[in-house]
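Chemist: Listed below, chain by chain, are the residues.
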Amino acid sequence: AQSVTQLGSHVSVSEGALVLLRCNYSSSVPPYLFWYVQYPNQGLQLLLKYTSAATLVKGINGFEAEFKKSETSFHLTKPSAHMSDAAEYFCAVRGNTGNQFYFGTGTSLTVIP
Amino acid sequence: NAGVTQTPKFQVLKTGQSMTLQCAQDMNHEYMSWYRQDPGMGLRLIHYSVGAGITDQGEVPNGYNVSRSTTEDFPLRLLSAAPSQTSVYFCASSYSTVSGANVLTFGAGSRLTVL
Chain A
1 AQSVTQLGSH VSVSEGALVL LRCNYSSSVP PYLFWYVQYP NQGLQLLLKY
51 TSAATLVKGI NGFEAEFKKS ETSFHLTKPS AHMSDAAEYF CAVRGNTGNQ
101 FYFGTGTSLT VIP
Chain B
1001 NAGVTQTPKF QVLKTGQSMT LQCAQDMNHE YMSWYRQDPG MGLRLIHYSV
1051 GAGITDQGEV PNGYNVSRST TEDFPLRLLS AAPSQTSVYF CASSYSTVSG
1101 ANVLTFGAGS RLTVL
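Chains as they are written, first to last, in the working numbering: chain A, 1 to 113; chain B, 1001 to 1115.
Derived from the structure by calculation, the hints contain no laboratory data. One thing to keep in mind: the hints can contain errors.
Partial list, computed: chain A residues near chain B (C-beta under 8 Å) [said to hold, decoys possible]:
hint : residue
1    : 9
2    : 32
3    : 42
4    : 43
5    : 44
6    : 46
7    : 49
8    : 51
9    : 86
10   : 90
11   : 94
12   : 99
13   : 100
14   : 103
15   : 105
Coverage of chain B stretches by chain A, computed from C-beta distances (three or more under 8 Å per stretch; other residues unrestricted) [as the list claims (entries may be wrong)]:
hint : segment
16   : 1040-1050
17   : 1096-1109
C-beta atoms are modelled at their ideal positions from N, C-alpha and C, and glycine is treated no differently.
Please model the entire structure based on the sequences and the hints provided.
Modeler: Shown next, in the form of structure tokens:
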């Protein structure tokens, strides 16, 4: 069965600092991994996805994530945080059927001016 | 192009009442699903559908029913609401891709409170 674990339910960074949000996965098959972002009172929207084409994946708004099989990780990073990055971030893995997705518990990102 | 539309946005129920959360998508996606979001628990899959007339259970299906009579609509029914069903509900749709990395498109959510 597939699952993801997000380390740190709350992360605070200063504006302009590096953002690092952690996600570890468990999967019996090569995983399809995703990062979604949720702004207050909105639904989730896709930041980026990993499909095995490349281990470093670039997404929207300057975010990227690196797939590391040896560490079973898919951490999300952004070199310089912006106030508009304050949101909740979810890591997700696709289930075996392709129609089920399993989400982490989320990480709330606060950006301090 | 409206995407995924959920109604209502807010609802308050009393224990034992029934209601239906509506979900409609206009993207001709074959897959639709319902999630609930609870603090500290992320999103959990309630039910999903791979096409009209086909539904299946997710992680937390108890207390919920679904049906899919058309490609566009996927309503979620609470037959006898319980306080444990107080949550934010999200409907999502997706389509299969060659890469296999199907991307979910979410609605804006429905916040349900059961007293």
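Chemist: Could you tell me which of the hints above the structure violates, numbers in ascending order?
Modeler: Of the numbered hints given earlier, the structure breaks just one, which is hint 9.
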